[in-house]
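J.: Please build the complete structure, drawing on both the sequences and the hints.
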Amino acid sequence: MTVELGHFALILALLVAVVQAIVPLLGAQQGNTAWMALARPAAVMQCVLVTVAFAMLMRAYIVSDFSVHTVALHSHTAKPLLYRITGLWGNHEGSMVLWVMILSLFGTALSIAGCNLPLHLLVRTLSIQAMITSCFLLFILFVSNPFWRLDPPVMEGRGLNPLLQDPGLAFHPPLLYLGYVGFSIAFSFAIAALIEGWVDSAWARWVRPWTLAAWVCLTLGIALGSWWAYYELGWGGWWFWDPVENAALIPWLAGTALLHSILVVEKRDALKKWTILLAIMTFSLSLLGTFLVRSGILTSVHTFAADPTRGAFILVLLVITVGGSLVLFTLRAPILQSGTLFKIASREGSILLNNALLSVMMATVLLGTLYPLLADVLGLGKLSVGAPFFHRTVVPLAIPLLIIMAIGPLLAWKQGNLGKGRRNMLLRRLWPAAVIAIITAILMAIKRESFSTIVGISLAMWLGFATLLESAERMLLFRVPIRVSLRRAVHLPRAAYGMTLSHFGLAVLVAGLVGATAWETEKSLILQPEESTNLAGYTFTLAEIQSVTGPNYRATRGKIVVRRHDDQDDQSVAILYPEQRYYTDPPQLTTEAAIHSTGMADVYVAMSEHDIYDKLGVVIRLYYKPLVPWLWYGTGLMALGGVMSLSDRRSS
Amino acid sequence: MHPAFRLPLVVFMILVCTFVLRLVTFWRGDIGDSVPSAVALVNRNVPSFALPALPGRGRCLRSENLKGQVSLVNVFGSWCVACLAEHSFLMALKESKTIPIHGINWRDTAANGAAWLRHYGDPYDRVGTDADSRVAMDFGVTGAPETFVIDANGVIRFKHTGPLTSQIWQEKIIFLIERLQHRE
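Chains E and D are the protein sequences, given in the same order.
When we follow my numbering, the leftmost residue of the first sequence carries the number 1, and every step to the right adds one.
When we follow my numbering, the leftmost residue of the second sequence carries the number 653, and every step to the right adds one.
Careful: at least some of the hints might be erroneous.
[Stated by the list, open to error] Label pairs and their calculated CB-CB ranges:
{"no.": "1", "chain 1": "E", "residue 1": "D566", "chain 2": "D", "residue 2": "R711", "range": "40 to 50 Å"}
{"no.": "2", "chain 1": "D", "residue 1": "F827", "chain 2": "E", "residue 2": "F171", "range": "14 to 24 Å"}
{"no.": "3", "chain 1": "E", "residue 1": "A543", "chain 2": "D", "residue 2": "E823", "range": "27 to 37 Å"}
{"no.": "4", "chain 1": "D", "residue 1": "R696", "chain 2": "E", "residue 2": "I438", "range": "22 to 32 Å"}
{"no.": "5", "chain 1": "D", "residue 1": "E823", "chain 2": "E", "residue 2": "S532", "range": "56 to 66 Å"}
In case anyone wonders, no lab produced these hints; they're calculated from the structure.
The beta-carbon is built from N, C-alpha and C at its ideal position, and this holds for glycine as well.
T.: What follows is the structure, given as structure tokens:
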């Protein structure tokens with residue numbers, strides 16, 4: 001009964017969304033205030049209905065109602081409660097309901113927070129949101145309905161893919177969707193602006209916090225997915241350039257460009273058409289990401305729904321939303337009046353360069369991701385585009401980007417040419433960072449590091465120190481008494497701290513990427529109990545092999561004592577318990593790596609059982625991974641910077 | 653209207669056309685050709701290929717080598733932990749002289765592959781190196797290790813994904829091989 005209630009609520013939500021998509025928009029065109037007033041209550045209503053549907057579906061998962069088709073396919077009574085709940089979005093149908101719920105939550109948030117917006121703009125934006133919601137509700141109700149009953153019901157469910165039974169992955173999809181869907185607000189604002197034919201700095205101020213919030217969620221979502229792959233897939237890789245990962249990276253790159261270009265609209269009343277196009281593209285690429293993952297058009301390890309009917313349906317949705325908005329852009333963009341032309345040696349100039357580089361990067365990743373598909377369709381043969389392509393194309397683009405990132409924040413808005421005075425100012429402020437980067441490069445060259453490592457680490461140093469210097473400059477640190485500096489520090493806008501944190505976070509991330517790639521050492525061997533081996537200054541001893549029984553798996557667990565190699569007094573640094581798990585429903589084998597992190601490096605141990613010849617022993621794979629923790633610190637700082645900037649009262 | 657504003661739309665239309673073409677092939681059921689899957693490949697001829705040998709190991713691997721007698725093709729890589737788990741089983745199998753085992757060194761550099769075999773032992777008759785996945789894709793390889801049973805006519809008869817163990821060998825493969833060898 002509750003399941004039907006949820007199903008019914010979803011149908012009602014569709015009807016409300018259709019009304020919300022049409023009536024307020026017509027009202028805004030004809031100046032009918034009564035029709036326009038419908039938008040806000042409709043947004044709230046639609047959200048309540050979708051939430052009811054979501055709650056009913058969740059109930060079915062929690063109580064293991066196997067008369068529901070999707071629950072029977074994807075859940076199991078032996079699963080812990082957390083994974084019964086997260087199992088809801090571990091499958092296609094449920095994840096689409098989550099998608100729509102987040103979409104309607106954003107719509108409601110906008111209708112509440114948007115009371116200071118001009119009514120016509122708010123109403124149009126909410127109508128566009130409702131159009132997107134309607135499309136997705138149609139998609140759910142017709143081709144991926146999670147509420148279908150199974151008659152007769154089964155006694156036990158099939159279970160969730162054990163790889164997905166993990167806290168990291170449990171919260172990866174919701175965060176990723178918060179990011180994807182969050183960009184819909186910028187999209188709707190852009191469409192509304194195109195309909196109305198104006199964009200100004202007020203518009204940019206309204207759009208920016210939403211974009212920033214979405215960007216923070218997407219950043220965290222991507223990091224969480226990468227972290228999951230790192231510890232769960234058992235060989236310590238954190239990025240595979242897999243189509244599904246790229247599908248999240250592409251909108252992230254577009255969203256990052258959008259965040260910066262909105263600033264230019266806000267401060268300088270310029271770059272309007274480009275910003276509108278970026279807003280459309282960012283959300284379109286998010287849709288494309290969903291499309292690529294859901295349709296099975298690109299096959300990948302992550303794909304759990306490959307169904308051509310759905311693919312066709314999403315394609316139609318994509319043509320309507322993306323195609324429609326691009327047609328609107330083609331027709332209306334020339335109307336938008338842009339402000340002044342601007343010079344390259346200014347803040348907006350550096351942002352323009354940043355945008356150009358990020359866009360080329362985005363296009364490259366998109367091309368690399370879709371190229372196998374294009375090649376296949378055009379009959380050029382089957383091929384896969386792997387990491388080498390992306391490294392060779394993305395890295396050269398990242399180098400100028402990192403250089404500019406250090407300089408840009410020091411330039412003032414609306415500045416003209418680089419006169420002698422300004423050149424001196426830049427030199428005075430940047431030379432410490434340049435010197436540190438050069439010294440790093442020389443030291444590393446002496447240690448015979450590879451060229452790319454030297455470039456990468458030096459650039460990270462350059463960006464990191466230049467960012468800190470810029471921040472110190474704002475506080476006039478060391479130039480005025482420390483008390484004055486502190487007072488200045490307190491009064492600095494949080495948005496400024498946000499930028500510093502994010503840029504510094506990227507420097508940390510870059511150092512992590514380079515270090516983890518260049519300095520990893522590894523070893524794999526068969527160990528028997530009491531045997532030891534050495535790696536990177538540590539001694540690893542297999543103390544014992546245990547058998548463990550979990551709630552829905554049994555496991556072989558190794559107890560590995562890690563000591564410092566040169567340590568005489570036998571103190572262990574860590575005791576690691578890598579596992580190999582045998583899940584029963586569905587039957588699958590997973591590797592649970594054990595990681596000891598020192599903050600500067602990870603010691604990573606993965607194990608698989610070795611049952612040949614009846615000798616007791618396990619295959620152990622050891623990794624010493626310097627700077628991998630920095631990947632998580634870096635992305636964490638970037639997201640924190642976003643949150644900081646978001647909390648700045650002036651930005652909302 | 654400035655033509656530059658039409659560019660995003662044009663790019664998008666090209667993408668849509670590609671997707672439509674791909675979906676149409678999905679519907680015609682030709683998916684087996686574009687993305688070889690496990691089921692689609694069993695009972696088909698091995699794809700024709702020629703892979704270079706590993707350094708220090710004389711014999712390369714070509715599709716013609718897979719005709720004439722029943723054989724195993726095992727996909728491995730020096731980066732693959734699970735390959736190490738099945739490795740001693742493969743060594744034992746080689747000792748038993750039941751069936752020739754050929755290797756495809758997948759997504760690996762030839763030097764690393766050769767070093768791995770030198771270090772742990774070499775159970776293979778012929779080994780080809782497939783660094784860019786060209787042949788592995790035709791075989792429908794989704795992960796390593798993966799093992800194919802090929803009959804004397806060069807037809808794939810069975811595929812096992814994951815490490816080979818004596819249990820799997822006893823339960824799933826040994827009878828098939830005996831039957832195929834008998835027919836031969």
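J.: Please go over all the hints and tell whether each is borne out by the structure.
T.: Hints, one by one, checked against the model:
The hinted window of 40 to 50 Å between D566 (chain E) and R711 (chain D) holds, with their beta carbons roughly 46 Å apart. Our hint of 14 to 24 Å for F827 (chain D) and F171 (chain E) is violated, since their Cβ atoms are close to 46 Å apart. With their beta carbons about 33 Å apart, A543 (chain E) and E823 (chain D) fall inside the hinted range of 27 to 37 Å. With their beta carbons about 60 Å apart, R696 (chain D) and I438 (chain E) fall outside the hinted range of 22 to 32 Å.
A hinted range of 56 to 66 Å is violated for the C-beta pair E823 (chain D) and S532 (chain E), which are about 36 Å apart.
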